[in-house]
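2 protein chains.
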Amino acid sequence: MSLKVVAQKEVWTADSWQLHELQIETPNGQVVTKGMVNHPGAVVLVPIRRRETGVEILMLQQYRVTLGQTILELPAGTREWGEDFLLCAQRELREETGFRADSFTPLGQVWPAPGLSNELLALYLAEGLHPDPLDGDVDELIEVVAMPLPELVAMAQDGRLQDAKSVVGVLRTAVYLQHN
Amino acid sequence: MSLKVVAQKEVWTADSWQLHELQIETPNGQVVTKGMVNHPGAVVLVPIRRRETGVEILMLQQYRVTLGQTILELPAGTREWGEDFLLCAQRELREETGFRADSFTPLGQVWPAPGLSNELLALYLAEGLHPDPLDGDVDELIEVVAMPLPELVAMAQDGRLQDAKSVVGVLRTAVYLQHN
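Residue numbers (this note's numbering), protein chains in the order written: chain A, 1 to 180; chain B, 181 to 360.
Please keep in mind that the hints were generated in silico from the structure rather than gathered at the bench. Any given hint could turn out to be false.
[Stated by the list, open to error] Subject to a maximum C-alpha distance of 30 Å in a straight line, what follows is the list of computed DSSO-like cross-link-like pairs (lysine-lysine):
| # | chain 1 | residue 1 | chain 2 | residue 2 |
| --- | --- | --- | --- | --- |
| 1 | A | K34 | B | K214 |
| 2 | A | K9 | B | K214 |
| 3 | A | K4 | A | K34 |
| 4 | B | K189 | B | K214 |
| 5 | B | K184 | A | K4 |
| 6 | B | K189 | A | K9 |
| 7 | A | K34 | A | K9 |
[Stated by the list, open to error] Per label pair, the in silico range of CB-to-CB distance:
| # | chain 1 | residue 1 | chain 2 | residue 2 | range |
| --- | --- | --- | --- | --- | --- |
| 8 | B | E307 | A | V5 | 35 to 43 Å |
| 9 | A | L67 | B | E232 | 38 to 46 Å |
| 10 | A | N38 | B | N360 | 37 to 45 Å |
| 11 | A | L134 | B | S182 | 22 to 30 Å |
Think of the CB as a built atom: it goes at the ideal place given N, C-alpha and C, for glycine as much as any other residue.
Given the sequences, and given the hints that come with them, work out the whole structure.
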């Protein structure tokens, strides 16, 4: 039993990813057409500050043209093809929050949408923040907002935080900080 | 400050979603091209059984042609355009696991990939399972595997569970069951 890709072609290309059209042979011999976003991957950042009142995370309020609304999410950014994930994380943190970090701790990787994309997200906890901004993309409208970790954990669990990568990043951070 | 969609056209269509090409005017007046997956949304199911040894979740081992590998994930399925999310959840549970459920409890919604898609995932806890299979899609290769909730929570937290929607579903289920 297998699904075999018998043909694959690029049908559209964007700055950072391409749409591939696949012909797939199913176990019963039928050939079906499927679209796949061929994606270089991206990083998700959890920039934290330890305050006397507790840990806070630098979140973004970002306008998403796909949704027609501004959403609350962790800083994140698409990797260049072949770029090292950690270098990408360092660059995106400066572009999106205006800070560099002394340390980046991996919080694992996730596939956001394996049904239609090969995108892989690498998550990093970023600590020891210092102002060091880098110009961002012209098509990004973002505002940085510091929020307490316990509030974000509650929002991730009760559904108020609706961005999947942010739910994963916030909850993994909470567990990591319990042990470190 | 805004990002304004000044043109939008469909450039490719699959069975369940389409690729739209957007022309977006940025705050400085520049027009940039962007691709968007126009998606009907999907459901994610957390089918649970309460055993003497504790709660277990029916997970899938599913071959993902996008990744060229079999991954561990929660049952999930794409909605028909206009289909009620709950009806979709009831259908997909039977198709993917062979069970119907007495009750479906909403566990919130998430956007899996708001940078490139408008897909919304609606998560449901499914309880009271009874055999009642429905034929699935020809291009799906899946195997149902029951796993203990505590093991899945550990995997969601330490990075072994790599499917984002499944991390969200498992961790929200753990919190829900602590209070119900």
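(message) Run through the hints listed earlier and report the numbers of any the structure violates, in increasing order.
(response) 5
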